[in-house]
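Undergrad: Go by the hints and put chain B onto chain A.
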Amino acid sequence: MLSYTLRRILAVIPTLLILIVICFYLMRLAPGGPFTSEKPLPDAVMKNVLERYGLDEPLHVQLWTYMKNILLHFDFGPSFAQKDRTVNDVISHGFPVTITYGFWSAVFVLLCGIPLGVIAALRHNSFWDYTMTGLAIFSQIFPNFVLAPLMVLLFTLWLGLLPGGGWNGGQWAYIVMPAIALGTSYMASVARLTRGSMLETLNSPFIRTARAKGLPERTIIWRHALKPALLPTIAYMSPVFVYMITGSVFIDVFFSTGGIGQDFIDGAYSRDYSMLLGLAILYSVLTFALNLAVDLIYAWIDPKVRAGL
Amino acid sequence: MTRKSILLSALLSTTLVAGAYAADLPAGTDLAADQTFTYRVLDEFSSFDPQVVEDVEGANVVRDLFEGLYNQDADGNLVPGVALSHTVSDDNMTYTFTLRDNAKWSDGKPVTAGDFVYAWQRAVAPELASPYAWYMELMSIENASAIIAGEKPITDLAVEAPDDHTFVVHLSQPLPYFAKMVTHGTTFPSPKWAIEAHGSEWTRPGNIVSNGAYVLTEHVPKERSVRERNTMYWDNEHTVLDKVVTLVIGDDAQALTRYRAGEVEKTDIPAGQYPALAEEFPEEAYALPRLCNYYFTFNMSDTGPEAFKDVRVRQALSMSIDRNVIVDQVLQGGQFPAYTFTPAATAGFEVPDVAYAGMTQADRDKIAKELLAEAGYGEGGEPLSFTYLYNTSDAHQQVAIVASQMWKQKLGAEVTLENQEWKVFLENRGAQNFEMARGAWCGDYNEASTFLDLLTSPSGYNDGKYSNARVDELMTTAKSSQDTQPLYTEVEQILADEMPVVPVYHYSTNIMLKDSVEGWPINNVEQNWYSKDLYKVAGE
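If you're matching them up, the sequences are chains A and B in order. Our numbering puts the first residue of the first sequence at 938, with every later residue one more than the last. Our numbering puts the first residue of the second sequence at 178, with every later residue one more than the last.
Same shape as in the complex, but just chain A (with noise of 0.2 Å):
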């Protein structure tokens, strides 16, 4: 298990690296740069502007000059737009807001995705059933630009219950409505997927074979058949939370939550290469770590994997 991972950690370090430069040169190839502007800068003063940024230096010397930074210093570079600060400090602003409402989010999901799921599944074909179903399909349709909007509607104007954005240093008030907004379609998912693998579940032979012992039902459910129905789950949890955490740009631009979201639609109007390219470091380190993450729970969950590894 231990050189499994090792192994994995290992093999991250090429791609990573492959991916850094194919961003890095992808990005330049967007006309434009972080200065141009609609009051062009006079020659020299672009000139002055280029070399305080190292931007004046040819591509493949950049290029070096930033790995070289990032391996010794962690020194992501400093943001083109936002003056005052560097990349490693902004993100260090905004990575702690988007994860702490995702992690959240990602408990809601979890947390009324799997009991719709399994209701829906024990009691198969009935009024549950079709409530439960007609509920997942009804969050699914609805995506968070509809649905944040309305509950803002709801919870902020009507009812004066919510604040209708900020993050006020995380107080949970700031964070119910991003959280909901964010996971209500992947709840909706997890709620059919466990419907599913749940039935599934319940007609295979060993849970006949637990029933005709005449076990409890809910012995049956919790000890033998919840724990293989949440396989899938599991799997399809892990890309999840990435997309949660970074497919959460409109929940930051919308709630003005502060998190990551934000500076990443920002970098990529105002060509704020090394905020972006960092927030691309930040995204495939986390899909690579959340991966090995559900690996691990897989292979601790199914004996089947953990013999292969």
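Worth double-checking, as some hints may not be accurate.
The calculated EDC-like cross-link candidates involving lysine to aspartate or glutamate, where the alpha carbons are at most 16 Å apart (straight line), are [stated by the list, open to error]: (1) A:K976 x B:E231; (2) B:K642 x B:D487; (3) B:K281 x B:E414; (4) A:K984 x B:E328; (5) B:K546 x B:E556; (6) A:K976 x B:E314; (7) A:K976 x B:E414; (8) A:K984 x B:E304; (9) A:K976 x B:D232; (10) B:K642 x B:E483; (11) A:K1005 x A:E994.
Covered stretches of chain B, going by a simulated chain A footprint (3 or more residues, C-beta under 8 Å) [unchecked claim]: (12) 417-429; (13) 671-678.
Hint data in this document are derived by calculation from the structure and do not stem from the laboratory. Model, not experiment: these values are computed from the prediction. C-beta atoms are modelled at their ideal positions from N, C-alpha and C, and glycine is treated no differently.
TA: Using the frame of chain A, we list chain B on its own:
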């Protein structure tokens, strides 16, 4: 105060009109108990460093945190800031400012002329590489250009501090509106000791030392910033607002919702919603004239279409645009139909009579058809077709669609609309890689040359590459002339004759501002506002 009287008072070395600064409370005002003003900004600020900041919202904060030589009052007139008055030498090339002796930094140190020398040198320093270094060049400070180009050391900048309360500036050419330019953030003083102690982190709350009416006490990037009353400020006793909070809200509609919920007290009105909001909140919705224009620019360089080289074609396209339809029916935000390049709101500028402004639209349409036929295009001639390029945005798209329909119906022109992402658009327009493109300009200072200089041959912003020797000559003369109106009138008339650009409208700012907030400078066309001039009244 008009520009003329500033000059007059300056020449006579009199003090500027005092009294109109600081919150101007009518007797018996019932102030609200909580003097916290919260407003919405669209984006995170570019910086709080006066010499580095480049965005408008950032400049608004910097104007609260730092105080320059002069401030503006509610009408945009100059009032004393750190400087009480100034004198100008006979050749109009040397300005001597007298600074007040009671101005203090937030750490208690006195504000001296040396702080201005340091800041102005900093603004042009190649190491700092401020994008706004060009502003110092525009101010015509002697040696500024050479220092930016790296040819001279920053100590050669022609600014001096003979004593702590005298600040002297030498110009490379007379500049009649020089005094007006010192209300800009780039010219504000900066605290050398704090910058040296904290380096690039000197603007963080706790590190920052400032001399304005407020100090920065909290800053969460992309979420909020808080500035609170600076007790060391020389006029602190007349300041009313205790605390000013900005919330970053990237979505216009969401900002309006949060305004309705009472979370912010000022926000921008989303495009197209002004009429409805003005009806719903007659006391809170404002359409304020703004120092910006909106125009279509013809590519007159070699890469441009042959048709646009014919003045009759340009005239016809301009005449056939019904500006009232665009303003009243499409934009609906209190904008002004434009027939001149310079907005009417510009200080000291009288809109000259240009022939086509006085005609009815029916007459204009008739002339347009005739001109196009004469040029050999349209009905019976060669079909006129071109591409109109604009940057992606709903509002620009609406204007583009309406304009192209007008051209099609009236002149039979086939116009292809093309939109591009902002920076791609700028790159293409700047490289003359377009046929006709959208243009817009906001004044850097409140004087007509900030607009008209754009259409001179050497201007780096003249993307249509229009060139007229007489315009260049008039604008050069205007730089040192005391009576610029006749010069600007002639330039505008040449522009109306040759039509290198089609003026469409002059902007307005549409804002929602709570009834309880008083003192907003609605007549200041630059919308340079100071929190120290605002106050909140108790609700009835």
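Undergrad: So if I understand the rule, the pair passes when the alpha-carbon distance is 16 Å or less; does B:K546 with B:E556 pass?
TA: Status holds; Cα separation ~9 Å.
Undergrad: Holds or violated: are the alpha carbons of A:K976 and B:E314 at most 16 Å from each other?
TA: holds (14 Å)
Undergrad: Please work out if B:K642 and B:E483 have their alpha carbons no farther apart than 16 Å.
TA: holds (14 Å)
Undergrad: For the pair supplied as a hint, A:K1005 and A:E994, is the alpha-carbon distance within the 16 Å limit?
TA: holds (15 Å)
Undergrad: For the pair supplied as a hint, A:K984 and B:E304, is the alpha-carbon distance within the 16 Å limit?
TA: With a Cα-Cα distance of about 11 Å, the restraint between A:K984 and B:E304 holds, given a limit of 16 Å.
Undergrad: Holds or violated: are the alpha carbons of B:K642 and B:D487 at most 16 Å from each other?
TA: Judged against 16 Å, a Cα distance of about 15 Å means the pair holds.
Undergrad: So if I understand the rule, the pair passes when the alpha-carbon distance is 16 Å or less; does A:K976 with B:E231 pass?
TA: Between A:K976 and B:E231 the Cα gap is close to 11 Å, so the pair holds against 16 Å.
Undergrad: Take a quick look at whether A:K976 and B:E414 sit within 16 Å of each other, Cα to Cα.
TA: Answer violated: A:K976 to B:E414 is near 40 Å, above 16 Å.
Undergrad: How about the segment 671-678 of chain B: do at least three of its residues have a C-beta closer than 8 Å to a C-beta of chain A?
TA: Coverage by chain A is violated for the segment 671-678 of chain B (0 residues, Cβ < 8 Å).
Undergrad: Is the coverage entry for the segment 417-429 of chain B by chain A consistent with the three-residue Cβ rule at 8 Å?
TA: With 5 residues close enough to chain A, the hint holds.
Undergrad: Hey, B:K281 versus B:E414, does the alpha-carbon distance stay inside 16 Å?
TA: holds (14 Å)
Undergrad: Tell me if the straight-line CA distance from A:K984 to B:E328 falls inside 16 Å.
TA: The given pair, whose Cα atoms are some 13 Å apart, holds under the 16 Å limit.
Checked against the numbered hints given earlier, the structure breaks hints 7 and 13 and satisfies all the rest.
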